[in-house]
Amino acid sequence: MDALTQLLHGFGDAVTPLNLLFALIGTLLGTAVGVLPGIGPAMTVALLLPITYVLEPTGAFIMFAGIYYGGMYGGSTTSILLNTPGESSSIMTAIEGNLMAKAGRGAAALGTAAIGSFVAGTIATLLLALVAPVVVTLAVAIGPADYFALALLAFVAVSTVLGASPVRGLASLCIGLFLGLVGTDLLTGQQRFTLGVPQLADGIDVVVVAVALFAVGEALHVASRLRHGPVQVMSSSGKFMTREDLRRSWKPWLRGTAFGFPFGALPAGGAEIPTFLSYATERRLTKHPEDFGRGAIEGVAGPEAANNAAAAGVLVPLLTLGLPTSATAAILLAAFQGYGIQPGPTLLTTESSLVWTLIASLFIGNTMLLVLNLPLVGLWVKLLKIPRPYLYAGILMFASLGSYAVNADPLDLVILLVLGLLGFAMRRFGWPVAPAVIGLILGPVAETNLRRALAISDGDLTTLVSSPFSVVVLLVAVAAVVGPPLLRRARRGQAVAA
Amino acid sequence: MSAVVVGYVPSDEGRAALRAGAAEARLRGGRLVVVNTTRGDALVDDRFLAGDALDDLRAELATLDVEAELRQPQTWDDVAEDLDAVADEVGADLIVIGLRRRSAVGKLILGSAASRILLTAHHAVLAVKA
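Chains A and B, in that order, are what the protein sequence lines are.
My numbering puts the first residue of the first sequence at 1, with every later residue one more than the last.
My numbering puts the first residue of the second sequence at 1001, with every later residue one more than the last.
To be clear, the hints were calculated from the coordinates, so they are not data collected in a lab.
It cannot be assumed that every hint is accurate.
From the derived model, a few chain B residues whose C-beta atoms are all more than 10 Å from chain A [as the list claims (entries may be wrong)]:
no. : residue
1   : 1003
2   : 1019
3   : 1043
4   : 1044
5   : 1065
6   : 1091
7   : 1102
8   : 1112
9   : 1118
10  : 1120
11  : 1130
Partial selection, computed: residues in chain B whose CB lies under 8 Å from chain A [said to hold, decoys possible]:
no. : residue
12  : 1038
13  : 1040
14  : 1041
15  : 1042
16  : 1045
17  : 1048
The beta carbon of each residue, even a glycine, is placed where N, CA and C say it ideally should be.
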């Protein structure tokens, strides 16, 4: 009950005209970037990180929360109408959603996606509000060694579970970890990888790296393959959801939520896996198997609910442990650090009003998205008509402006360009960007905890496996690396035997 | 056999150009080549015909009393060059395009395919107004 009272207080703080305006800006911006393929919430929040220097934390986080949720909504619109998923978590929606739109049922598909997202978002945010305080009470007991184990699990999970190739994921993670090492060592004052450049002594700013990898890398990637034909937009016309559609949708919504939230909340994170699971489940459970492959509403409702529930779930480890499990969560963590706030078990007590206002604003943003999005579908589709050169020129300008604003140092622009080329190369060769960003932001935190643990134990390495908690977490991490290749080999062995 | 090339976009200007082009082709006893193209730099471009709109145009061309064909060059490059290339290929006497009214500000920010065609084409150009 305590959590609910706190949440009501949060609503009290969130419902001021200014904060509502921030929520509105955030949701509109989030939907816009969600609609545009290649530009996601992580890139947008990274581009907007410099505004944290002038805005007070509550306003900034309300806006970021809006962008985060809005991005999930926007992705579904493009999936359904264009069959071009804006976000990787919308891939499953695109399958049945686009078929529905082709069959002239675009409005119903958009409807079930929007309402499903709203239902899942609301339930999952409520779960977040209820689960977070419980996790915090468990989390205060964990020591530096346990935290290091958790960070290791997050690293491994993000690098190997997401994306096609674990090796590429781990390599990308190492790039991030390395970039996080640049600067002055906090414990000894030693300069690391600064190449004697004085400006690097403070380390490379997270804003510069994130903007370079996401924005500059993506802009160069788009520029390298600028011209290909336009895609066809399905009409969003047709009948809105009928009673029959609603009857077929509500169970997938709830099941999707049930898949999404736990997967988001686990440090194995990500919204992709629950959407795959939800799609597979709906396909198996449906009473209309003949519709799958021809536009089944269940195949839209389930995955859409799952990805929004996962988005809320990701906030559980972020707010309670300071553990980001997605690229956007990592950037949010950087925003917290920018304000001098270290998310962790103490966050809920030290920054209680900020956290509860943030959670309350998630409810508000979610409602805004439902009200705004369906009438504005036409506007979002118009956004896709912007010629790419204009769009990406604008993004590059914001990227440079933001990176320069951090320290007013021209060297940052050079770093931006160099890392931007790196980001381009990563996209070109299929290296995922998210592990690099998570490595960069979580790396220093993990290092601090590791060194603290070793300092306490006087350099004894066994301290890392001294508590049952860290042993279990480390074993799971090892399983995440070793498991998939072993399974693949076993399956191949079977195939050969058969 | 002579030919008339029409630059077509689904708008009043495009339809005016199509009408004028069809009339010219009839006069000259030549065939009509309708070109619909785009720079392809936006994700969505409804001036590049697809689906129902494409079928409608084909049906409309079939009802004309002159021999007509539709081409959609997929070079995703300069629209003016696309038209000129088709005109070269079919040995066209004439390129027909539609002109739209542009404000002073519009002229400043928007590049005009029409003015590029007028200035750079190696063929005679007939510009009609909607």
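Checklist entry - Looking back at the hints listed earlier, which ones does the structure fail to meet? => result Failing hints, ascending: 3, 4.
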